[in-house]
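S.K.: Residue-level listing of the chains:
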Amino acid sequence: MKWAAILGITVVLVFMTIYEWPKMKVKMKREKIAFAALTILGGVLAFLLVFYPEMPGPTQWIDAIYKPLGKFLEK
Amino acid sequence: MIEKGKISALQLGMMMYLAITPTAILTAPAITYKYAKQDLWISPIWALSGLITIFIAFRLHNMYPGQNIVQVSERIVGRFPGKMIGLIILFVYLYLNGIVIREYSEFLVGAFLNQTPLIVVSGSMVLVCAFAVRGGVEIVGRFTQLFLPAFVVFFLLIIIPIIPELNLLNMLPFMGEGIMPSISGAGVLQTWFSEYITVSFLLPFVADRKKAAKITLISLFAVILTLVISNLVTLLLLGEITGNYTYPFLLVARYISLAEFFTHLESLHMAIWVLGAFVKICIFFYVSVLGAAQWMNLSDHRPIVFPLGFILLLFSVWVASNMQELLHAISTSVTFSLLTVLVVIPMLLLCIAWVKKRFGRIRTMR
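So the protein sequences, as listed, match chains X and W.
Residues 33 to 107 in the numbering used here are what the first sequence spells out, letter by letter.
Residues 1085 to 1450 in the numbering used here are what the second sequence spells out, letter by letter.
Think of the hints as simulated: they come from the structure by calculation, not from any bench.
Hints are supplied without guarantee of correctness; some may be wrong.
[Unchecked claim] Here are some, though not all, of the chain W residues that point toward chain X, as calculated from beta-carbon distances under 7 Å:
#1 GLY1220
#2 TRP1379
#3 LEU1382
#4 GLN1408
#5 SER1417
#6 LEU1423
#7 PHE1443
Built from N, CA and C at the ideal position, the CB exists for glycine as well.
Can you make the complete structure from the sequences, with help from the hints?
M.R.: The following block contains the structure:
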């Protein structure tokens, strides 16, 4: 099942690149870097989430910062 | 300037209305009921953070015309701190949108499409939104204009048939414990109203700016009115059991039964939900794409739409492991983080900008 998810993610990322890459002009270097960086970031995050679904997410980070205040409102 | 499209002030107001109400109608009654009990319908009136954020957005836009809050923060506090603030704001928008997508798909799967995997529902929505966002602000604006009348009509179609069933006694005791419960219930609602800072991203594209302030305020009042009506109807119909349901308003729609054949109006509720969530996700998606493109000094926002959409989809999976956890997070940590980032930080920016202007150290336009 995990490998199916990996395959699915890879297919999505490849399709995204095939669709978007030819639309960027040769001169748009910054855009290409930004696109590649965000795609790689997304891919890495997706693989991490497939293998470690319990990885602490943004909600936990925010919880850690706001814990003292959150307790005050909790019911 | 990345975006060349223009929207009208009316479209701005409609976009803001649809950017706030859909999720608020769905989950606000249950969350507010926890704090305010039978005074939950008064809570939306304390929309203080909506007024504050609108004021901040318009003041900042007057000081730095044509720039949104991510660009303005760089001008006010310098390059590096400005970039950091921009990153935090963009992260919060991604996070918020992840929550919205999660709520959307959880609701659809929980109430209607029991057999469908969550990721299919959220993935298809993100894909559709990505195409709309690629089209730019004009497309999103026109979608809003197209969907808003349908949204309002469906909303009224749920409210009006239920009127004979309402029990006014559920409202009593009115302000039984004074005004405080309704105010503490309003605390969570500020999450939704603080989203009004989005106006700052859309203002640079408004063609007739003179009318913008008035129409934004009108849209804020429309949001308040809608929330008061939906909370009131839920309360009058369900009474004390409002707090037991995750989606009390869906129950209201299910309750309708006119002349024995006009039943199962929850499909209307679903229509409202899909239309509203589409616009809401589109607007926040657009804001994060535009902000990210400006943050990275790109010449075009379109190339990063799909990668950001993919990350957005991951966020929607990542924010919480189940619906209960999500609702708990919304009523505690999310409220504080959104209020800090979308209200307090812009307010500080405005203060610094004002002080800078006052002491004449403001740099001339580049």
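S.K.: Give a verdict on every hint.
M.R.: So, going through the hints one by one against the coordinates:
The interface hint given for W:GLY1220 is broken, as the beta carbon of that residue sits about 15 Å from the closest beta carbon of chain X, more than 7 Å. Violation of the interface hint for W:TRP1379 is found here, the shortest Cβ-Cβ separation to chain X being roughly 10 Å, above the 7 Å cut-off. Evaluation of the W:LEU1382 hint against chain X yields a held restraint, the C-beta minimum of about 5 Å falling below 7 Å. Checking W:GLN1408 against chain X by beta carbon gives a least distance of about 13 Å; that is not within 7 Å, so the hint is violated.
Hint status for W:SER1417 relative to chain X: holds, with the closest Cβ pair at about 5 Å, below 7 Å. Interface hint at W:LEU1423: violated, since its Cβ lies 10 Å from the closest Cβ of chain X, which is beyond the 7 Å cut-off. For W:PHE1443, the interface hint is violated, since its Cβ never comes within 7 Å of a Cβ in chain X; the closest pair sits about 33 Å apart.
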